[in-house]
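Q: So the sequences go chain by chain: A and B. Residue 1 is where the first sequence starts when you use our numbering, and the numbers rise one by one after that. Residue 1001 is where the second sequence starts when you use our numbering, and the numbers rise one by one after that.
Be a bit skeptical, because a hint or two may be false.
[Unchecked claim] Quick partial rundown of chain A residues pointing at chain B, CB under 7 Å, derived from the structure:
1) Ala187
2) Ser189
3) Phe206
4) Tyr210
5) Asp323
6) Ser327
7) Asp341
[To be verified] To spell it out: a stretch of chain B is covered by chain A in this simulated footprint if at least three of its residues, at any positions, have a beta carbon under 8 Å from a beta carbon of chain A; those stretches are:
8) 1074 to 1085
9) 1103 to 1111
If you're looking for bench data, these hints aren't it; they were derived computationally from the structure. Backbone N, C-alpha and C fix where the C-beta goes; we use that ideal spot for every residue, glycine too.
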Amino acid sequence: MTAEPQRFQPVPREAHADLGTGPIPAQPYYTREYFELEREAIFKRSWLQIGHVCEIPEPGDFLVRPVEVADASILITRDAEGELHAFHNVCTHRGTQLVDASCGKRSRFSCPYHMWTFSNRGDLVSAPDFENFYVDQASCALPRVAVDVCAGQIFINLDKSPRQGLREFLGPLAEQMERLPMARATAISEYVYEVDANWKLTYDNFQENYHLRFIHPRSGEMAGGPQNPFGYPERYAFHGPHRTQTIWSNPDARPLPFQLLAFTKVAQFAMQDQLDMQIRDYFGVFPNLFVLGTATTHFSQSIMPIAENRTRSVIRLYWIGEDDCASRRFAREFNMTTALDIHSEDRAVIEAGHRGLASGALSHIHFQSQEVLCRHLFNEVDRRVQDYRAELAAAGGVQ
Amino acid sequence: MSGNLLPAGFQALEPFVEGWAIEGSENRLRRRLQSTPEEREAFFEAAMPLVQPALAQLDKKRLTEFDAAEQRLMNLMLSMAHVAHAVEVQREDEPFHAEGARHITITRSSADSNPGL
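Next up, chain A with everything else stripped away, as it sits in the complex:
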């Protein structure tokens, strides 16, 4: 905190009016029909974050992750040469799910049904009584899924031939995220919760600060100040389907005694680790990931759609190196519980939002200029859904 902080300058009302100012249709936020289109138009075609390289550091390590929105289970392996692979977790014999465990170390995967056995490079290496089949072994490899890494995050793409590589898709965010601690993380803390709400309503809660003073009156006391009562960000920016904002840092924040003690430890370790204390950016990665990049509150949230009215959030905090002393262990626990307190306060109002909309009472909802990230997400989602509808119509499929 400097002696004379710069006065807060709000983002002008007209700054991003090019993204639209009109009301937004309500149905996309709750109907099954729209959700089914999103599955195809977005989640089966976009790069999706699915894990972090520190979860699969050694040759022979593997992860299995559900992707409910695509009805898929994905097996990620690291082979003897250290290369990452991703496959559908499906035996090529008769489609049985191959691996039950969620992670482990294994270079061979045997299907429990008829013992077809695959290498961690996906090849079928053996199958009992294979002479009685009518196929050749080479054509029975596991179905491959595109996989790539940026900023330590493992992304997959369920499109058989992705239209863009990961780097091209992420654009300028790739380089910016590579500078975050998560790119070098060696360990993770994680908490998970599900809500009875649409994934976009869940995401939108974390894309605007308008609600902070009402939903987080105590835990968010430090977010707003006399200069900026709502704690609005300093800046918004848009990069293709992705969006960023720069979080305002309140010079008048007055931490409580325990908070001060714990925050001081968090900040000491951040400086000791030479983290960039200037970064105050939030990265909204299309379609369902965001990362808060500040050195002292660094976490990602993956917003996993399960159904049109059910969403799982996976929150991860990233650590560089082991807990090397009691104070560091304490600081990391405090970091996690601080974020968890905020998340726990949001849950009820996200569900209330879904219930209200799902009643069908409203044809439209409204976003103000400081909710422009929510509008941008809707625009990007809806464009893909409308394009997909047009594709279906052109192919003579259902409406």
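Put chain B on the given structure of chain A with help from the hints.
A: Then chain B, alone, in the frame of chain A:
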């Protein structure tokens, strides 16, 4: 209770060992959510002045070399990282907050998964 549940100098926290020296981040969260305001406040009041001295003393040793008393003191400090939010920040709003937090599960934490150095 014998006087050696905790390292010397931290006897004032011995009455809280049974309730708050808890292994596992998820277990510490559950304990916070199931506790009464009186339990939380008594623990917080007793532990707050000892957090700095406790961490300073524990920092002198490697985490893997803690004896049972030091591990209990560590776990008390980690419980403070949970319960302090309730006592200091949430105050009378803690029941509302706890309602949302009950749906959250800590699936991994640095303190649990990491052997420490």
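Q: Taking the hints in turn, state whether each one holds.
A: Now for the hints, and whether the structure bears them out:
no.	hint	result
1	Ala187	holds, 6 Å
2	Ser189	holds, 4 Å
3	Phe206	violated, 15 Å
4	Tyr210	violated, 19 Å
5	Asp323	holds, 5 Å
6	Ser327	holds, 5 Å
7	Asp341	holds, 5 Å
8	1074 to 1085	holds (count 8)
9	1103 to 1111	holds (count 9)
Going down the numbered hints, you'll see the structure goes against 3, 4, while the others check out.
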